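First to last, the protein sequences are chains A and B.
Under this note's numbering, the first residue of the first sequence carries the number 1, and numbering increases by one thereafter.
Under this note's numbering, the first residue of the second sequence carries the number 1, and numbering increases by one thereafter.
Honestly, the hints are just simulated from the structure, not real lab data.
Any given hint might turn out to be false.
[Said to hold, decoys possible] Label-pair restraints from in silico Cβ distances:
hint, chain 1, residue 1, chain 2, residue 2, range
1, A, ARG80, B, GLY72, 22 to 30 Å
2, A, GLU779, B, LEU103, 25 to 33 Å
3, B, GLY65, A, PRO113, 48 to 56 Å
As the structure is a computational prediction, the values presented were derived from the model and not from experiment.
No residue lacks a Cβ here, since even glycine has one placed at the ideal position from N, Cα and C.
As a plain string of letters, each chain reads:
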Amino acid sequence: MLRGRKRTESDFKAEIAAHLEHEIERLRSEGMSQAEAEGAAHREFGNVAQTEERFHETRHWMLLEHLYRDVAHAFRVFARNPGFTFVAVVSLALGIGVNALVFSAVNAIVLRPLPVTQPEQLAFLENARYNAGLSFPAYRELRDHNQVFAGTLGYRVTQIELESRGAGTVRTWGYLATGNYFDVLGVKPYRGRFFHAEDDLHQGGSPYAVLSYGSWQARFGGDPDIVGKTIRINRQPYTVLGVAGRDFHGTEVFYWPEVWVPMMMQAQIEPGNPWLDEPATSNTWVIGRIKPGVSAEQATANLNTIARDLARSNPAWNEGLSFHLARPGLIGDMLGSPVRAFSFGVLVLAALVLLTACANLTSLVTARASDRQREIAIRLSIGATRGRVVRQLLTETLVLSALGGGAGYALATFLSRTLSAWRAPLDFPVQFDVTPDWRVFVFAAAISFLAGILFGLAPARHAARTDANAVLKGEASGFRGRRLALRDVLVVVQVALCFVLVSACLLSLRGLQRSLTMHLGFEPSGVSMAAFDLGLAGYTKARGEEFQRRAVEALAQLPGVQSAAYVNSVPLSVDQSHTTVYPEDQPELRASTAPVAIFYEASPNYFATVGIRMLAGRDFNWHDDANAPHVAVVNLAFARQVLHTDNALGKRFRRGPRGALYQVIGIVETGKYMSPTEPDTPVLFQPMLQQYNTTTTMVVRSSLPENQMTEKIRQTMAQLDPELPLFSAGGMSQVLRFAFFPLHAAVLALSAFGVLAVVLAITGIHGLVAYGVARRVHEIGIRVAIGATPRQVIKLVLSKTFYLLGLGAVIGLGLALAAGKLLETVIYGSPRDPLVFVGVCLTMIVLGLISSWAPTRRALRIEPTVALRHE
Amino acid sequence: MPTRDENERIAILQGTLDLLILRTLLFGPQHGQGIARAIQLQSDDELLVDHGSLYPALQRLEGQGWISAEWGTSDNNRKARFYKLTRTGRKQLAHETSQWERLATAIGRVLAGRKAEG
Chain A
1 MLRGRKRTES DFKAEIAAHL EHEIERLRSE GMSQAEAEGA AHREFGNVAQ
51 TEERFHETRH WMLLEHLYRD VAHAFRVFAR NPGFTFVAVV SLALGIGVNA
101 LVFSAVNAIV LRPLPVTQPE QLAFLENARY NAGLSFPAYR ELRDHNQVFA
151 GTLGYRVTQI ELESRGAGTV RTWGYLATGN YFDVLGVKPY RGRFFHAEDD
201 LHQGGSPYAV LSYGSWQARF GGDPDIVGKT IRINRQPYTV LGVAGRDFHG
251 TEVFYWPEVW VPMMMQAQIE PGNPWLDEPA TSNTWVIGRI KPGVSAEQAT
301 ANLNTIARDL ARSNPAWNEG LSFHLARPGL IGDMLGSPVR AFSFGVLVLA
351 ALVLLTACAN LTSLVTARAS DRQREIAIRL SIGATRGRVV RQLLTETLVL
401 SALGGGAGYA LATFLSRTLS AWRAPLDFPV QFDVTPDWRV FVFAAAISFL
451 AGILFGLAPA RHAARTDANA VLKGEASGFR GRRLALRDVL VVVQVALCFV
501 LVSACLLSLR GLQRSLTMHL GFEPSGVSMA AFDLGLAGYT KARGEEFQRR
551 AVEALAQLPG VQSAAYVNSV PLSVDQSHTT VYPEDQPELR ASTAPVAIFY
601 EASPNYFATV GIRMLAGRDF NWHDDANAPH VAVVNLAFAR QVLHTDNALG
651 KRFRRGPRGA LYQVIGIVET GKYMSPTEPD TPVLFQPMLQ QYNTTTTMVV
701 RSSLPENQMT EKIRQTMAQL DPELPLFSAG GMSQVLRFAF FPLHAAVLAL
751 SAFGVLAVVL AITGIHGLVA YGVARRVHEI GIRVAIGATP RQVIKLVLSK
801 TFYLLGLGAV IGLGLALAAG KLLETVIYGS PRDPLVFVGV CLTMIVLGLI
851 SSWAPTRRAL RIEPTVALRH E
Chain B
1 MPTRDENERI AILQGTLDLL ILRTLLFGPQ HGQGIARAIQ LQSDDELLVD
51 HGSLYPALQR LEGQGWISAE WGTSDNNRKA RFYKLTRTGR KQLAHETSQW
101 ERLATAIGRV LAGRKAEG
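This is chain A alone, in the form it adopts within the complex (with noise of 0.2 Å):
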């Protein structure tokens, strides 16, 4: 370091120059002649231009040497201590790699605006009443009518069925847009353009289409000459006029659709049920860009004058509407909230999780320090300053951190690249991008940097004030008694959340254990399915359901096929439909009161395909069609929670206040709907023949394996409609893990942050005892010298840690109950399960016994005679 003024090269020849001539006077003034006091002056000066050279690398060069000798000199020290270096590398990666993946989660998800013009002027309009959505009619009014937003753009996430070349027909996901919707955004197209306000004015008149960069690569191969050409949504034909951008997903982070449609083509795209015109039908989502100069708080006083218009002139349907504004990108408030709780939850927990780590480095640093006192105390006896030593220390540490914050943001770069190729296994194209980009780099280096500093400082600072003599001399051991009740804290609430994370994990493994014997209800082994839609297909109702006949007709006659049926949609899988139900018996019921079920529609012979076992009663048949009376089957839990009773064949009820009245004809067992861990919950299934569904899934059993059936699906099904789409095919069981997805994200998750707590546990345990063993190996030397045993030793150096231990793990056992109830919705076991308990009991003995070994056997191999050699 070097302070003062700067002192320039000629300000320094000067002063040599003044040197020589002083020299030169006094030579002669003794007697030399002009020519041999030069001489001798120089001589006696030795290289003038050497020295030069020396104060200009005294100026430029020490501080980067220093460094490069500090950095030399703490490898040689790490290369000494490998065991050292490796603890305190993993754990630092490990922490900073968790805070890296958060945070790059986080930014992508909450801090990374969306990739449109000035961003931060765009607003989602939130209905207060329902969320979200808005009617499309009151959507018009508040384009047209509002003074605050320079433009107004209205979208809606919806299926679709695209013809893409090559690969056939698929059902994917797009945006229903507004004209104005790229517009207001300001984004740019990748190829041709985008639609305008202009394109989109009459239903039905704007068969526009523009395409993802990756559908466009996916399912176009990258055709440069894609613009201008026709290509078929659900079956008509639509002019592709353009491609968006490469990071361009449309206005939610979390969906990225394949293709934009003109709004106006809402009737084509979403056949059967057209909502432009209607009021009752919240389906738009509405994102303003505000004007400059116009603060929220005005927006939304002028957005809500419009919704008391809107409530006015339609009171029917906007009765009480009012809006506030949110964040745009994930649906408002609605996702909005509960994510950016749950990030900065998470990004506090990871937070711990390094200072954890690093409070463990500070002990096992300051314990380590002990065998460096004489090297400490040498180095400044030989005229080093306190500065260099605490530098050199300081150094130490920083390499330290820096080695474990590259290491952790690699490991953090490789999981979030994982995580944004993943997709979920849902027919939904969730999918976010949480590559880091240069602020997860700032934040990774800040934060490693911070980390180095805060576990360096307390050893520097200890250091700094070494007396040299002293301990060269064995007057005194450097460590002066300081007070250690910050670190036993930590050490407690490491290990009290070492065992909660180790018993969750281990519920975890016992619930995904016993998931795969469970009994859900169906026996998806050996069924294999497929499901279309034929609304998207432009099937109408009559030639639907001759198409499912013909359908359920042809697979039956495959060889190998057991039973085939169809039904709207398959147990576990993403689409569930619920309805209120009054029973005929119970006349006094409201909406409110009024009991809610699962409803299903399927054909005859579908509880025989997917194993759901009859108890009472008959399964539908062919003639349980439109002309005979209405029938369902339900399952044991809608008997006794809606029906009231176990035999409720004959019973009768309506879906909906007013619907019509269905006779009970049979009853099922009660299986699971939603999840694998919900509660018994009410099911009806009433025939299809009698409530059409066009969303249709055929499912077979048959003796062949279940990817073969799968295959002679596709097959039969190609030959009825070579065009139609088909979506969830595969054999059951695999179409099904998705129900599963949570458990298995649980223990993955889940085992992750165990292994965490282990090795965060074991540093901070082994940083503890060494630290007790360093402060004390004074007295330990002086009790094995007047006749300590080994036993005595050892219950003098674990005595402190096996408390803390314990007082750790009870507090965890309790926090450990509490979290059982919560991963109870995730898990399907009981968080009092004894055998998990026993495991980590275990485990945390096994832990205790490995972190506190070294230290151990360093304390009993104390010789008093080294040990008191100072005295």
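Once you've looked at the hints, dock chain B against the given chain A.
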């Protein structure tokens, strides 16, 4: 003029040179050549001050804030850069002096012990 073979003089260790410079400046401001002369004279010409090392040492001490410097005129009316002990420099001198004395005593003891054994 006393002459000595230069080889016989004791070269000064780096850390020690700092101490000697500080000590010399205790008697008042002095320029580089004056400091070198003073050390040599006061040690009865036992110690050799390598002029090439002197200036980097002065530079270092100035950097530490223990001495300060400014240009002035010497006794014989020549321009020279005069060094002066700062307040922290004074403290440092006291500290290093006591350190040195303890170290010297300790080393002296050790050497005396050796001799007794031998």
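message: For the hint 25 to 33 Å, verify it against the beta carbon of A:GLU779 and that of B:LEU103.
response: The hinted range 25 to 33 Å holds for A:GLU779 and B:LEU103, with Cβ atoms some 29 Å apart.
Verdict for B:GLY65, A:PRO113 (Cβ pair) under range 48 to 56 Å: The hint (48 to 56 Å, Cβ to Cβ) holds, given that B:GLY65 and A:PRO113 are roughly 49 Å apart.
field: Beta-carbon spacing of A:ARG80 to B:GLY72 - inside the hinted bounds 22 to 30 Å or not
entry: 52 Å, violated
Comparing the model with each earlier hint shows a violation of hint 1 alone; every other hint is respected.
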